Amino acid sequence: MSTFILLTITGLGLGAMYFLIASGLSLIYGLMGVLNFAHGAFLTVGAYAAWEASTHVGGGAGTKLLVAALAGLAAGALVAALVELLLIRPLYRRPIEQVLVTVGLALALSALVEAIWGFDARQFPVPAWLIDTTTIFGAHIPNDRFLEIATAALVLVGLTAFLRYTRYGLIIRAGVENRAMVTALGIDVRKAFTLVFALGGLAAALAGVLSGVYFGTIDPSRGTSLLIFAFIVVVIGGFGSIGGTAVAAVVVGLIQQYANYYASSGLGDLAVVLLLAVVLLLKPEGLSPRVAH
Amino acid sequence: MALIAVDDLHVYLGESHVLQGVSFEVPEGGVTALLGRNGVGKTTTLRAMMGLVPRRGSVTLAGEELNRLPTHSIVRRGIGYVPEDRDVFAGLTVDENLRLAERNGNPRYELVYELFPELKTRGGQKAGTLSGGQQQMVAIARALLNDNPVLLVDEPTKGLAPLLVTEVAAALERAAELATVLLVEQNLAVVARVAQQVVVLDGGRVVHTGGAKELLGDPERIRELLGVHGGGH
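These protein sequence lines map, in sequence, to chains A and B.
Just so you know, my numbering puts 171 at position 171 of the first sequence, and the rest follows in order with no gaps.
Position in the second sequence (from 1) plus 1000 gives the number in my numbering.
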């Protein structure tokens, strides 16, 4: 029982990170039709900006982590907004070129990170209370799992409230359905594009910071490896659907953990790919329709 | 003087040269109907005027060139658009569809609810669950919500039951009191009721312009230009 609880909460923690990456990816594709292969690079940039900031501030590990997180989030949002303004915007309605640009950018940003900080993993500042464990029904759960789950839940609630109750949220929800008609109502949808990219970059950077806490280290390939699963989550959840993305992220995180433990170590990734195949066969549009909510 | 002037408008969709130099003028006030057989380029003309398809040529509104402007800027010059397939946002409620269309601090909800009282009672309903007629009301209401001097309305009665056609025609008449309307419409009874001028397209070109009464009173000419019998009004 205690093992099952540990696996479940660890799976939810992993799912939380997948959700943070996949939510931005999903909204960007849903609204703009851009398959953003550079999204993992936003995560890496955010994680390294956070690590760099943590080396320049004093105080305890908690203060370091807070400052690091803020710096990481700012860097992720800024880089994503600049990418949209400078690289994606000139290529609207040219999807092949957009894919090529985002693939190239992912490679270039990873190479840049490696050039500046090297190939080796860096120790991430994690306060002791996050490394400590809390015992639930006999399972010793590392506290960082609760932080990851709570953060993702807050982002889900915040994003849902933003989409539901703000004018920009309304524009994004409408734009996911019919971008041309939004412009035909006199709305400059390009501003929403930049905002969605910045929000996506922010969420990815948050995932980068939390991945540093989860794994205890960061490395230049972190974004790429997590991006693969984020893409799977988005396909399973349905492009443009935040609710569907959240459900899919949890399912993928849990299946990975359960399969790795109960079947065989390493089978978790295969199980996720099998799940993807099943969803594509039975419900090709994903768990949720193409409506941002 | 013409409020809108379309001059030598060309549109290519893939290999197809859909509009081959369309030119016409729309006088200020009233309804000008854009007529023609299926596939002659009526909807494409409206979409080109809105900047929704790549186009060449000139479209001016009160002398100002619109063809270099993006769609949202054209709308902000005061052109409301009701698309052929309604294009309501199915996942948004009726209220949200209307709220999205608001462009200034004085949306004309009183006018909209006076014309379509049903929209008030169905405010919280998802637009995707409305009937075709109700969706058309939402589409027209979005264009009427702002003080647009021009409305481009594409086949508003398409697929509607006769009772709803009457209701939509009444709304068009009311709209024409407030704005200049360029209307694409296949139902000649509706054209006869609301339009003062007609522009007829054929093969991507304008083949006739003139008064609505004159054309609709000449069954032979209607058959020649539109390929239909003119007894519908």
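The hints are simulated quantities; they were obtained by calculation from the structure and are not laboratory data.
Errors might be hidden in some of the hints.
Unchecked claim - List of simulated lysine-lysine pairs, DSBU-like, C-alpha gap at most 35 Å:
#1 B:LYS1213 / B:LYS1158
#2 B:LYS1126 / A:LYS191
#3 A:LYS283 / B:LYS1213
#4 B:LYS1213 / A:LYS191
#5 A:LYS283 / B:LYS1126
As the list claims (entries may be wrong) - Computed Cβ-Cβ distance ranges for the label pairs, DEER-style:
#6 A:GLU97 / B:GLU1177: 43 to 51 Å
#7 A:VAL157 / B:ASP1007: 47 to 55 Å
#8 B:MET1001 / A:PRO284: 49 to 57 Å
#9 B:LEU1178 / A:ALA150: 51 to 59 Å
#10 A:ARG167 / B:ASP1147: 17 to 25 Å
For clarity, every value in this text was computed on a predicted model and none was experimentally measured.
Beta carbons are placed, not taken as given, at the ideal position from N, Cα and C, and that holds for glycine.
Results for each hint:
no.: 1; hint: B:LYS1213 / B:LYS1158; in the structure: holds, 22 Å
no.: 2; hint: B:LYS1126 / A:LYS191; in the structure: holds, 26 Å
no.: 3; hint: A:LYS283 / B:LYS1213; in the structure: violated, 55 Å
no.: 4; hint: B:LYS1213 / A:LYS191; in the structure: violated, 47 Å
no.: 5; hint: A:LYS283 / B:LYS1126; in the structure: holds, 23 Å
no.: 6; hint: A:GLU97 / B:GLU1177: 43 to 51 Å; in the structure: holds, 48 Å
no.: 7; hint: A:VAL157 / B:ASP1007: 47 to 55 Å; in the structure: holds, 54 Å
no.: 8; hint: B:MET1001 / A:PRO284: 49 to 57 Å; in the structure: holds, 55 Å
no.: 9; hint: B:LEU1178 / A:ALA150: 51 to 59 Å; in the structure: holds, 53 Å
no.: 10; hint: A:ARG167 / B:ASP1147: 17 to 25 Å; in the structure: holds, 20 Å
Violated hints, listed in ascending order, are 3, 4; each of the other numbered hints is respected by the structure.
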